[in-house]
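The listed protein sequences derive, respectively, from chains A and B. Under our numbering, think of the first position of the first sequence as 1, with each following residue one higher. Under our numbering, think of the first position of the second sequence as 1, with each following residue one higher.
Source of the hints: derived by calculation from the structure; they are not laboratory data. A few of these clues could be false.
[Said to hold, decoys possible] No more than 25 Å apart at the CA atoms, straight line, and that leaves these computed lysine to aspartate or glutamate pairs for DMTMM-like:
hint, chain 1, residue 1, chain 2, residue 2
1, B, K325, B, E295
2, B, K451, A, D25
3, A, K29, B, D190
4, B, K9, A, E70
Computed from a prediction, not measured in an experiment: that's the story for all the values here.
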Amino acid sequence: MDIDKTKPYPLINSLECKSCGRCVDACPKKVLAIGTVMNPRGYHAAVYVGSGCIGCGTCFYTCPEPHAIEVHIPGKE
Amino acid sequence: MSEKVICTKGIYPEFPRKGPSAAPAATHYCPGCGHGVLHKLIGEALADLGLQDQTVMISPVGCAVFAYYYFDAGNIQVAHGRAPAVATGVSRATDKVVIAYQGDGDLASIGLNETLQAANRGEKIAVFFVNNTVYGMTGGQMAPTTLIGEKTITCLNGRDPLTQGYPLHMCELINSLKAPVYVERVAVSDAKNIRNARRAVRKALEIQRDGKGYTFVEVLSPCPTNLGTTSVKNNDFINNEMAKEFPIQNFRDNSATAEHVVRSTSDFSKEKLDAMFELADIPAAIAHNTANFEEAQVKIAGFGGQGVLSLGIMLTQAAQAADMKVSWYPSYGPEQRGGTSNCSVIVSAKPIGSPVVYHPDLLVAMNRPSLERFKNDVKPGGTIMYDANMGDVELPVGVKGVAVPAQALAEEAGSDKAANTIMFGVMLELGITQLPEAAFARALEANFAKKPKLIPLNLAILEFARQWVRKNVK
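Put together the whole structure using the sequences plus the hints.
This is the structure:
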């Protein structure tokens, strides 16, 4: 999936995701979902639907894993 | 402007535990666990405040036992519930920021006492208390904070207050104490609560950075595994049920007025200790011939208040003055006054192993019950000194008895409290302990050093007792 990197977007490290669903529930724009692909540890990692992220950081702060998700916010031109 | 990335700070990039892992940066926590959320908030605050290399985190027993795998800071992992004690030690011995990270079983059950004591002393500790209403690591048992009606594997029908009592409210308990600077309850459920928790964590660590005292942040946290629910439903449980029992609020913030806590330092130098224990000016030992010194085992017994233990101490001081090895071993009941007491004293030229005297060479019995209790223990050929005021007594065969009218003589000599000094004088004159005469006087001087007026009186009583022996004992 191509992500428009001129807008904020979450970067999901699917290997570290445990599929708890907190980010999916917490996202105010509902742009995260539980994916259909199983990661090597057997979890259906969360995925970004590809657009609509506002860079609020809620998914990062609600995620219990330190390195499963981060939010990138491009600098203004 | 460059890109901004919201990501983890203050936490190691990888968590190697037992060799290579499929997911080298995954925590050991279950999916949806609140610990990771709080870890990230603490790590971020430590990094932002520049405190990582000035922080000692105390890891608890509980699911967060492995906190040291995650936090890029100092760490000590401690016994169950003992974080406050270790944190107190670290905090007092260093100027580090000290964090006690504890769960509900660790803090509110086994560690409840020291949690309250440390809070009450206003120790410089940031306590982060993770309350998820259940024991996690051990598999879902009832916790002190389990809600009424909430089911766990040890309260299968739900917590019943008539059987298991009510949930403990830690913030409220801590808030009843005077010393804590900052007390707040937060939750890591929804975005709003997490933002609030982030602020509280930061605040607590700022207070620690400024050395202002005790902070307590309770964090209502999910444990979907042991509550048998999903992450999302667990957040609803926190917001709708836990928060009713445990209101999410600030209880206290004295950080604006609290001042940097500075405690006096302890001086453990030899000079200081010698002065404290009056060891600075010990007079030279009294020389005497110890070539044929035979170990003397003495038992002194009587009512509490008869100077039984003091007589043992005086004998000990005499032995010390003569540079002998000596032990004093008291035994008494719980009563401060009254009751019976006894002590065992061993004087020897050689190092003493056990201070227990089973078969004394000398028994000093100040009353009849003591005589009856110990007389048959005295070694054959040994001596029993007893107060003559107990009248006719039966003594074991082969033991020498000396009936000393100790109480009467003491009164005659000017002090009704000095029956023990009379016995001390008799002991000297009979030569049972083989200690030199000067040692006895030195002992009295040492024993009454704090009441110098009594020294001449007791020296006179000692002499009075010796004269009585010369006249009356063959």
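Hint-by-hint comparison with the structure:
1. B:K325 - B:E295: holds (9 Å)
2. B:K451 - A:D25: violated (78 Å)
3. A:K29 - B:D190: holds (14 Å)
4. B:K9 - A:E70: Status holds; Cα separation ~11 Å.
The structure does not agree with numbered hint 2 stated previously, though it agrees with all others.
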